[in-house]
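Trainee: Sequence:
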Amino acid sequence: MIYISFSFAIAGFLIDMMYLMIGLVVDILLGYGLHLPIEYVAKVQDDFIGAKFHDLWPNGSLTGRTNGMRTFSAFSVGGALWDFIPIEFKGILDVFVGRTLTTWIAHTWAQKWFPLVEATENLGWEAFTFGFNIGKTLSGFSRWLFLMALTSGLAIILPSIILGLIIILTILLHMFKIFFILLSSYIKIMLYIMFAPIIILFEVIPGQSAFGWWFKNLIGELIAFPIVVAIMVTGQAIVLMINNPRYWSFGSAYTTTGQNIVSSFSGGDYPFTLPFLYGFRSEDFSMIVALGIILIIPDFIKMAKAKIGVQDSPLNFGLGTFFAGASMFVSGLGTAGSLQSYRHTLAGSSPFERQKGFLEMIPGMGGIAKWMRDKSTVPEAPRSGG
1 MIYISFSFAI
11 AGFLIDMMYL
21 MIGLVVDILL
31 GYGLHLPIEY
41 VAKVQDDFIG
51 AKFHDLWPNG
61 SLTGRTNGMR
71 TFSAFSVGGA
81 LWDFIPIEFK
91 GILDVFVGRT
101 LTTWIAHTWA
111 QKWFPLVEAT
121 ENLGWEAFTF
131 GFNIGKTLSG
141 FSRWLFLMAL
151 TSGLAIILPS
161 IILGLIIILT
171 ILLHMFKIFF
181 ILLSSYIKIM
191 LYIMFAPIII
201 LFEVIPGQSA
211 FGWWFKNLIG
221 ELIAFPIVVA
231 IMVTGQAIVL
241 MINNPRYWSF
251 GSAYTTTGQN
261 IVSSFSGGDY
271 PFTLPFLYGF
281 RSEDFSMIVA
291 LGIILIIPDF
301 IKMAKAKIGV
311 QDSPLNFGLG
321 TFFAGASMFV
331 SGLGTAGSLQ
341 SYRHTLAGSS
351 PFERQKGFLE
361 MIPGMGGIAK
371 WMRDKSTVPE
381 APRSGG
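Numbering (the numbering used here), first residue to last: 1 to 386.
Take these hints with a grain of salt, some might be off.
Unchecked claim - Only pairs whose alpha carbons sit at most 30 Å apart, straight line, appear in this in silico DSSO-like list of lysine-lysine:
1) 177 / 52
2) 302 / 177
3) 188 / 52
4) 52 / 216
5) 302 / 216
6) 52 / 302
7) 216 / 177
8) 188 / 216
9) 177 / 307
10) 302 / 43
11) 188 / 302
12) 177 / 43
13) 52 / 307
14) 216 / 307
15) 177 / 188
16) 307 / 188
If you're looking for bench data, these hints aren't it; they were derived computationally from the structure.
All figures in this text were calculated on a predicted structure; none of them were measured in a lab.
With the sequences and hints as input, model every part of the structure.
Mentor: See the structure below:
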């Protein structure tokens, strides 16, 4: 009875501890770790406590403001990933994929601009030659020059655009995945609190530890929110540490030691980098590392829950839970298409087809085939008499 009486108070205390943990994580990583101003740390704490869905998008700064720092750009990361590709393999992609796609896009865009280019070219040459119409003779040269300029420009930026779009889709997928993980945790927390007296009541059964199960699962769902904050702050802190040498030392107690270690590895001019990771700009490298850390949030949440001892609950909510009707709609369209294909196979689509339906090849079944065609034919509009 004591557990049941204090169940709501215990739940409220755990929720307060969750908010306290969020504040401590931000203060430890940014205030104690990077020695940022207390006003800045407090602003970040407030932003994360009242964070919205779009705040899951990595923006390169801790408060949504650039403050002179380079903001996150998926296309910049795409260009950095393109630099990771070996030169030999990059050449193969450039010959077989890049050139073909670039040429196709250039020709597609050029069709819209050719009339304007040719009109300007003809007008200019006619004015220069006092009316002698030789502009058309040079239209081929203008086409070639325009295509060369457009193709060269696309060949430079197209790999970054393609990889950037892939990264954007990946981030959006993980944003929704993290959102539904947190939404699932929120719903479970509400259920655990509302039904706490009923769940803890099973403690009276010998051999059952209902209160321990309830307490452990409630902590496991609440811990998801500080974990997301901790990983996002860690990713952004890495961006600061790599791009700003004054943040290389982490922690006031280890300022001298940390700075000496990092400087000895990096030579004092570049941030700490390990073998096979050299040769990239620090800005691009920091974005890739921070993005990789943020993308492991779902797996890290599962690992943390497993360490606490929380097993996966059958009450799971995901993207499929809310959009299950879409799969039914798509499967219905597929079924309708299959039925239409079967009808064409059996009865044909029209009596004037060269290849008739299967039923029409069977003696005496032509009437059934005609009936099937008439049932699926759209009736014609009535004609006016006279």
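Trainee: The structure should be examined with respect to each hint, and the outcome stated for every one.
Mentor: Status of the hints after comparison with the structure:
1. 177 / 52: Roughly 15 Å between the alpha carbons, so the hint for residue 177 and residue 52 holds.
2. 302 / 177: 12 Å, holds
3. 188 / 52: Holds, because 20 Å separates the two Cα atoms, which is no more than 30 Å.
4. 52 / 216: 27 Å, holds
5. 302 / 216: Roughly 14 Å between the alpha carbons, so the hint for residue 302 and residue 216 holds.
6. 52 / 302: 22 Å, holds
7. 216 / 177: 23 Å, holds
8. 188 / 216: 13 Å, holds
9. 177 / 307: 21 Å, holds
10. 302 / 43: Satisfied, since the Cα-Cα distance of roughly 29 Å is no more than 30 Å.
11. 188 / 302: Answer holds: residue 188 to residue 302 is near 15 Å, not above 30 Å.
12. 177 / 43: 27 Å, holds
13. 52 / 307: Holds: residue 52 and residue 307 sit about 28 Å apart, inside 30 Å.
14. 216 / 307: Roughly 11 Å separates the two Cα atoms, so the pair holds.
15. 177 / 188: Distance ~17 Å between residue 177 and residue 188 Cα, so the pair holds.
16. 307 / 188: 19 Å, holds
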